[in-house]
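In order, the protein sequence lines correspond to chains A and B. Its first residue numbered 1, the first sequence is counted upward by one per residue in this note's numbering. Its first residue numbered 1, the second sequence is counted upward by one per residue in this note's numbering.
Since the hints were derived computationally from the structure, they do not count as laboratory data. Only a predicted model underlies this, so the values are computations on that prediction, with no experimental measurement involved.
Here are the computed lysine to any residue pairs in the SDA-like style, where the Cα-Cα straight-line distance is at most 25 Å:
1) Lys170(B) to Pro114(A)
2) Lys245(A) to Asn224(B)
3) Lys110(A) to Asp142(B)
4) Lys242(A) to Leu232(B)
5) Lys245(A) to Arg51(B)
6) Lys3(B) to Glu175(B)
7) Lys242(A) to Arg229(B)
8) Lys266(B) to Leu147(B)
9) Lys245(A) to Asn236(B)
Part of the chain B face toward chain A, derived, beta carbon under 8 Å:
10) His116
11) Leu158
12) Arg159
13) Phe191
14) Leu228
By construction, the Cβ of each residue, glycine as well, lies at the ideal position given by its N, Cα and C atoms.
Listed below, chain by chain, are the residues.
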Amino acid sequence: MTEIGLHVRRPEQIAFGNAKGLTGFGDRGAVGFSRIYIGDEFCPLRLPHGEGVRLFFRECREAGLGLTLLTPVMSDLQLERAMPIFSALFECAPEAEVVANDWGVFCFLKRSFPRFSLALGRLLDRGDKDPRHRETDAETDAESGAESGAEYSPMAWSGTFDGAGFVELMRRWNVRRLERDLPPWGRSTPAPVSDMGQAVYFPYGCFTAGRVCLTSSMSGSGRFAPADPCGRECEKGPIHLKHPKSELSLMANGNALYYRYSPTTLQRLMNAAEAGDFRLIDQGLSLGQEASFMPLKKADFGP
Amino acid sequence: MMKIAAPVADLREVEMLLHNGADELYCGIQLPTWAHLFGDTLWMNRRSPARGNLCDWESLSRITKAAHKAGARVNLALNTACYPQAATAHLLDMIRKSVGEIGVDAVIISDVNLLHQLATADVDARIHLSSLGGCFNSPAVDFFRELGVRRIILPRQLRLDEMAEIVRSKCNEMEFEVFALNDGCCFEEGFCQTAHALGPFCLSGDPSHPMGFVEIEENRSGENLARLREYLWFQNNCGSSFQEDGLPNGPCALCAFDAFAEWGVKAVKIVGREASFHRKMAGLQLVRAVIEEMEKGRSAAVARRFRNTPDLCNSGQMCYFKECRGG
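The shape of chain A in the complex, shown without the other chains (with noise of 0.2 Å):
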């Protein structure tokens, strides 16, 4: 059965989000998280601080649980104001796990916190994920370029983890696990990835971002400038976006934009979930939505 975490914000969505389960598997009913992620893959503003990290520490630690440190992109200045968060997360879990979305952030961390356990974040996963692909336009190019005789199907999705020699380069680094999202059409389960941990966020993926946010620049407390004041328009909750080339739900949360997976999608990750031994991210908590598991009901599903 696939490990579990979930993404949250505050120490009290850890109960809660606990006594809740996720839901989804069949029959099996409700089932518990095991692991709790914090911090922010996008956003340096949206990292807990120092006292922060220990508290969540002390929560998960009570209730059995294992805890992650996401990190976003950041300025050499920013990382040097991120020392204290790495540095009470050492002195808590020196094997701690910390998921890096820049090869900067990725080197200094492994530069100078040599025993955390390192993991590469979505952010490092390139390819194309834009939602106005159409899952049926998936199948029908599936089918032409298998008629074609074409080397490569452009629907076929492949991200930066899945070149050639990146899996035994990571190793080489030291790497423990990948994290991803599936893409908005295409492909519904990750490839297994021998010896390497690997990591499914749901039910969002996110398609683009930006050192601007916009959500705080539209609020007008920014000036669609970088690393601007920020009023956390964000913590009010994510902003619905409606896209007639897009089928899928979309919104904005913060600086970076997401799609919801389709029914069918879904459904595959749960059925492989299931089955597989991969961790599966609910974020639906961190991204100010209501929990993820609670929309995961059969009927969300579809026939």
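Start from chain A and add chain B according to the hints.
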């Protein structure tokens, strides 16, 4: 003094670009065999095959010869963020031919897997990291240097102080190129996983529907949509507009040139392989004029006088780096 890297997408532009002072030309190429093997939606680089790329080896060869004769260099963009595995061998062969037979001076790359393949393959190519590669801090410079990168094009969504920290601390071991003119990106292209082949996501839709979104949750947007529309307009070269004197409007870092030179920036980049002949020429003339003023010991702040668009400049929205505002 800093070199000027100018975009070229057609053989007919070369003479104009070299005559107006381009020190480096950068281009892309999309060969018919690529579309045959990999389809129309996987571009060989980030720009449109139809408008932003050369379409045969002969053009690349003639551009390279003309540039070298004028003492300029040619850099070839193969900067798709992630190529499928099946493309790697094809790309390595292309790079061997471009560098070994045609004499291209450098290849511009962003895909970490391709960088890794190049580092381990028998290919003697000078490698520049595309801004899509996403170098946002000094430790990342070390990472990319170990993969064989000799020059890094810094992303547009870094702040000036962040770029200064990187360039000052690393310019002895790495060359840096920064954006000078044209084409903003409302997201960070190093994070963006939309497909330009479907049309730029951020610029799609009519002005009343920013980014093509027909619905943006009303209770959270309201009049602030106007701010987003304005931002997108500036990013899109002020609606692709020009001044009466022919100078192009659009995102710009000219006022920061003094700082770039002081830090040790090697080259400034004019964006716009897909731009018109006129925009390319006028943009290059503007950048060259500012560089010449600097060579005479004057400040790059003269750019504001050259531009003569105080309303646009004072808004701060036309600056890549908002800290430039006020010159």
